[in-house]
Structure formats: C-alpha cells, structure tokens
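Each chain is listed here by its residues.
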Amino acid sequence: MIDEAVLAQLLGELADEIAVPDDGADRVVHELSASGRATRPRVPRRSQWVMAAAAAIVVVGLGVVVNNAMQSSTAKVSSAPTASAPNLTQLAAPAAPRRRAAAKSVAANGALKLSPSVLGQDGNQGAGIQGGVGPQGPAGDEGVQGVAGVTGDIGLVGPQGPSGAQGPTGTSAAYAAPSTNTAAGGSAAATFGAVDGAKIIKTGSLDLQVPKGTLQSQVLRMTHIAVGVGGYVTHSQSNLDPSSATAQMTIRVPVNAFENAISQIESAPGIKVLNDSENGTDVSAQYVNVQAKIQADSGERNSLLVLLSHASNLDDILTLRDKITEVQGVIDQYQGQLNVLSDQSTYSSISVLASEKPPKPHKAAVAHHVVPPTGLSKSWQDARKGFANVVEWFLARSGGALILFIISMLLALALRYLYPVMRRALL
Amino acid sequence: MTGETEQLGDWVGARYARAFRTAVLICGNRADAEEAVQDAFLRAWRFRDALPDNERRDAWLYRVLVNACYSKLRKEVPRREREREALDPERGPSATTEAPEAGAERSVLADALHSTLGDLPESLRVVVILRYYADLSEREIAIAIRRRPGTVKSRLHEARRRLAADARLASYAPDASNVADAEVTP
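So the protein sequences, as listed, match chains D and C. Heads up: the first sequence runs through residues 18 to 444, numbered per our numbering. Heads up: the second sequence runs through residues 749 to 934, numbered per our numbering.
Note that these hints are calculated values from the structure, not bench results. Mixed in with the good hints, there may be bad ones.
Partial pick of chain D residues on the chain C-facing surface, computed with a CB cut under 8 Å [stated by the list, open to error]:
| id | residue |
| --- | --- |
| 1 | Met18 |
| 2 | Ile19 |
| 3 | Glu21 |
| 4 | Ala25 |
| 5 | Leu27 |
| 6 | Leu28 |
| 7 | Gly29 |
| 8 | Val45 |
| 9 | Val272 |
| 10 | Leu291 |
| 11 | Pro389 |
| 12 | Leu393 |
Label-pair ranges, simulated between beta-carbon atoms [stated by the list, open to error]:
| id | chain 1 | residue 1 | chain 2 | residue 2 | range |
| --- | --- | --- | --- | --- | --- |
| 13 | C | Gly898 | D | Val76 | 48 to 54 Å |
| 14 | C | Pro897 | D | Ala400 | 47 to 53 Å |
| 15 | C | His905 | D | Pro38 | 32 to 38 Å |
Quick reminder that beta carbons are idealized off the backbone N, C-alpha and C, glycines included.
Take the sequences, apply the hints, and build the full model.
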C-alpha cells in the first residue's frame with residue numbers, strides 16, 4: 018500500500034496545479050446575496066408554527082367539546098318545562114270537557130220535565146235556564162272558570178235570578194272561582210287549596226340480606242323506623258324457620274320521609290342490600306282532574322237542591338230527588354278516587370323482603386364471587402373502568418372532533434421531529 | 749454589507765479553494781466543479797440552521813459537495829463532453845518556481861496519481877480525495893458520504909492498495925513486496 022503521507026503530499030501537489038478562480042468565492046457570495054438568501058429575513062421557527070397550529074387545534078377541540086356540552090345542557094333545560102307543562106295544561110284542559118259536561122248536565126236540568134212553578138212564575142225564566150247554558154260553553158272552555166259559570170247559571174234559576182249577572186264575572190277569573198263560588202261550590206271548591214304541590218306517589222322495594230339469627234330484631238328495627246318517621250306497618254309476615262328465615266313487610270311512611278326511611282333501613286350494620294328499586298309517579302294531573310269533576314257535579318247537585326226547595330209537585334220532587342241521588346253517587350265515587358290519590362301521595366309504600374339465607378346465586382354470579390377482586394387487583398379494575406369511562410365520555414362529547422384532534426397532534430409531532438431529519442437527509 | 753453577509757464572505761473565502769480543488773478532483777473538470785461548489789455553498793448556507801454545530805459544519809459542506817459532484821457526474825456530465833481540463837497541463841498548471849528536474853519528477857508522479865485515481869471506482873476515489881486532500885477524518889468522511897466509519901476505513905485501505913499497484917507509485921509503498929502480490933480487482 019502506498020504511504021499515507023506520500024499520498025497526501027502527491028494529492029496536495031496535484032491539487033495545487035489546479036488553478037482556483039480568483040473571483041470564485043466572490044461569485045458565490047454575490048450569488049447568495051443576489052438571491053436574498055444571505056440576508057434572508059428571520060422567519061419564525063418551525064417549532065413555533067407547530068406549536069401555534071397545535072394550540073389552534075386544542076382551542077378548536079375544546080370549543081367543540083364545550084359546544085356539545087352546552088347543547089346537551091340546553092336540551093335538558095328546554096325539556097324541563099316541557100315535562101312540567103302537562104301539569105299546568107292538565108290543570109285546565111281536562112276541566113274544559115267537564116265544564117261542557119256540567120253545562121250539558123244543567124241543560125238536562127232545563128230539559129227536566131218540571132212544572133212551571135219550579136221554574137218560577139215567569140215561564141221565560143225556565144227558558145232562561147236553558148238560555149243560560151249557552152254562555153256556559155265558552156265558560157267551560159276556560160277550564161276552572163266554568164265553575165263560576167255554574168254559579169251564574171244558578172242565579173238564573175228562580176228567585177236568585179238577579180245574581181245571574183255574576184256568570185260573566187265568574188268566567189273572567191280562573192282560580193278566583195272557588196272564592197266566588199263559596200255559596201254554590203261547597204266543599205269541592207275548598208279542596209282546590211290542596212293543589213299546591215305536585216302529587217307524587219312513591220313506592221319502593223328492598224331485598225335485604227340480614228345476618229344469621231337477626232331476622233326478628235331487624236323486623237322490629239324496621240317497624241321502629243317506620244313509626245319514627247311518622248309512618249306505620251301495613252303488612253308483616255315472618256318465617257322463622259332457620260333454614261329459610263324470611264320476613265316480608267310493607268310499611269307506609271310520609272312521602273317526605275321516604276328517602277330517609279329507606280336510607281335508615283339500608284344503613285343498619287350487617288345488612289346487605291340485594292335489590293333496591295324506587296318508583297315515583299306524578300298524579301297531579303289526575304288529582305286535579307278528579308277535583309274538577311267533583312266540583313262540577315257538586316254545582317249540578319246544588320242547582321238541583323235549589324230546584325228541589327221550590328218544588329211542590331210530588332212528581333217533581335221525586336224526579337229531582339232521583340237526579341240528586343244519582344249526581345251525589347257520582348260525586349262520592351270521585352271523592353273516593355280523590356281520597357285514594359291523596360292517601361297514596363301522602364304516604365309512600367315500601368315493601369321489604371328480608372332473608373337470612375342468601376338467594377341461590379346465578380352461575381355467573383358464582384364465578385364472580387369465587388374470585389372477588391381485592392386490593393390492587395380491584396384498584397386496577399377500577400382504574401381501567403374509570404379510564405374507559407373517561408375515554409367514552411370524551412368520544413361521546415366530542416364526536417369526531419377528538420379523533421381529528423388526536424390525528425392532528427400526531428401529525429404535528431411527526432412534522433416537528435421528522436422534518437429536521439428529512440431536511441438533513443435532503444441536503 | 750450586513751454582518752451576516754460578511755460572515756458568509758469569510759466562511760466561503762476560507763473554504764472555497766480547497767472545496768473547489770476537491771470538486772475538480774472528483775468531477776474531473778473545472779466547469780462542473782465550479783457549479784458543484786457553488787451549489788454546495790448555496791445549499792449548505794441555506795440549510796445552515798439544520799446543521800448540528802460548527803465543528804461538523806465542514807463535514808456537512810463536503811457532504812453537500814460530494815452530492816453535488818455525484819449529481820454532476822451522473823446526470824449532467826454525460827450530456828457534455830467530459831474533458832479533464834483541470835488536469836490538462838496546457839490549461840491548468842499553475843506557475844512554478846522549483847527546479848525543472850524536481851518539477852519534472854513531481855509531474856510524472858502527479859500524472860501517475862491522476863491516471864490511477866481516474867481508474868479507481870468513484871466510491872474509492874472520493875474517500876481518498878476527502879481523506880488525503882480535504883483532510884477530513886474518517887468519521888467526517890462517513891458523514892459526508894453517508895456510510896459507516898468502518899466502510900470508510902475499508903475503502904481507504906482498498907484505494908491505497910490499488911494505488912500502490914501502479915508501478916510508478918509502487919516505490920512509495922512502505923512494503924513493496926506486498927504491492928507486487930496484491931490483486932487488482934475491477
């Protein structure tokens with residue numbers, strides 16, 4: 018091999034014979050200056066552009082998430098009045114047909130085959146009864162206002178004729194009707210005052226597992242809980258057979274103490290809740306509906322009583338009495354329904370099934386209970402579940418925006434770290 | 749002239765002569781070498797921010813220069829008549845003040861080296877020029893030609909062995925007997 022020093026010397030001599038252009042370096046500098054690359058303006062670094070793009074993507078992504086969240090919350094808020102609206106609507110709307118029914122009922126009064134003496138000396142007044150039915154229609158459309166219309170209609174009957182002018186007055190006031198209707202409305206009008214809050218029928222069902230040998234004491238404890246919150250036990254049945262000791266109870270507690278009673282029952286030491294179900298039904302509309310029916314029929318009954326007080330003919334008296342009995346029966350029926358609703362919405366029922374022996378578990382449940390996760394494994398499972406929930410929440414809230422955001426971030430990172438490498442490779 | 753332009757002028761001026769001669773040795777003609785050097789400086793300066801540090805900047809410059817020379821050799825040069833004008837005694841030699849005998853001997857050796865270098869494969873010729881003329885280390889050559897240092901070392905060894913096979917240069921081999929036994933592979 019040739020010596021390195023000799024080779025370097027010979028190469029140097031060979032290269033020295035190559036004439037270098039005197040203006041070569043100047044031409045390069047001039048070329049660079051002319052092309053503007055020598056004094057190129059400072060531009061922001063690529064990383065700054067990448068960071069700006071990433072920030073913009075983050076802002077857009079957050080905007081999408083927040084927008085979706087706001088839309089969902091707005092939807093909930095807007096749906097709330099819709100849910101409560103039926104209560105208000107049902108307060109008046111169902112009353113309208115009832116008022117029409119009451120008007121028909123009064124019209125039927127006019128159609129009764131009564132003597133002119135019952136209808137007053139002036140035969141036109143009898144016709145006035147039927148004529149009074151006419152305005153009752155629109156009054157009935159106003160719902161509760163129709164009740165006052167009944168009052169006015171009564172005014173057209175007999176000696177109370179002049180007071181018939183109150184009919185239109187009554188139709189102008191919606192919930193003022195009970196106060197102006199005192200003379201005719203009776204007890205039905207007074208019940209309107211009860212319709213302040215929603216009428217909710219709450220029911221609950223508990224399936225409990227109690228420690229061995231404590232069934233009786235647990236039954237006693239639940240009885241004390243029911244009495245303690247102002248309720249009572251309606252049903253209790255115990256089977257004290259040691260192999261299958263169970264107890265079934267039904268307790269009723271004030272609706273306001275429903276949750277408190279359930280929490281007290283479940284919170285006793287040693288008790289394991291196997292099943293817990295609670296149900297609530299809003300019967301406010303039904304309650305008001307029955308109230309209005311009672312009020313309408315009461316008005317009809319009162320008008321019939323007025324007619325009966327002026328009847329002198331035996332046939333008229335019998336006819337009116339039969340009609341009054343019929344109307345009173347309907348009123349009693351409605352009143353019974355009202356009492357049931359009131360009772361159910363005042364006291365909630367809780368059915369409790371307590372057992373000492375655990376129910377036969379399902380195969381899957383057996384497998385689950387054979388190796389219950391404890392300690393770190395349980396924490397790990399909880400962490401995985403929580404992570405999955407968070408990811409699902411983000412995906413659900415953001416839709417495709419999150420995926421787009423993640424892809425954009427990955428692209429930005431790739432550009433950030435690969436671009437310099439690629440640029441060096443391209444040199 | 750701005751400070752940056754002055755910096756550019758100093759940087760180019762300090763490296764232009766050696767870079768130009770290196771390019772001539774690789775390309776074999778002055779015209780291609782001038783264009784390659786100019787392209788190399790332009791690209792190296794344009795992408796100077798991408799260069800890792802100043803110490804390796806020369807290695808990167810020669811890497812760009814080698815690429816530019818390769819580009820000239822493989823794409824543009826075939827379209828021209830490739831004249832080795834730079835090494836043509838009638839055009840290129842610079843004036844000398846040495847004795848005629850010494851100059852004659854050096855010219856003989858230089859011609860021998862020139863012809864032998866021309867016969868070397870491109871991959872071997874480039875590493876020899878970068879190592880023994882541009883004075884780059886093996887690591888810097890590895891950066892310049894994008895090969896591993898071990899590859900550079902192997903190529904240098906092979907290039908020196910082939911150069912020593914030339915009878916005119918064999919006398920400069922430390923162990924002439926090894927040269928006679930060496931095989932010359934195409």
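Structure-based check of all given hints:
| no. | hint | in the structure |
| --- | --- | --- |
| 1 | Met18 | 4 Å, holds |
| 2 | Ile19 | 4 Å, holds |
| 3 | Glu21 | 7 Å, holds |
| 4 | Ala25 | 4 Å, holds |
| 5 | Leu27 | 5 Å, holds |
| 6 | Leu28 | 4 Å, holds |
| 7 | Gly29 | 6 Å, holds |
| 8 | Val45 | 5 Å, holds |
| 9 | Val272 | 76 Å, violated |
| 10 | Leu291 | 70 Å, violated |
| 11 | Pro389 | 58 Å, violated |
| 12 | Leu393 | 47 Å, violated |
| 13 | Gly898/C - Val76/D: 48 to 54 Å | 51 Å, holds |
| 14 | Pro897/C - Ala400/D: 47 to 53 Å | 49 Å, holds |
| 15 | His905/C - Pro38/D: 32 to 38 Å | 35 Å, holds |
Violated hints for the displayed structure, listed by number in ascending order: 9, 10, 11, 12.
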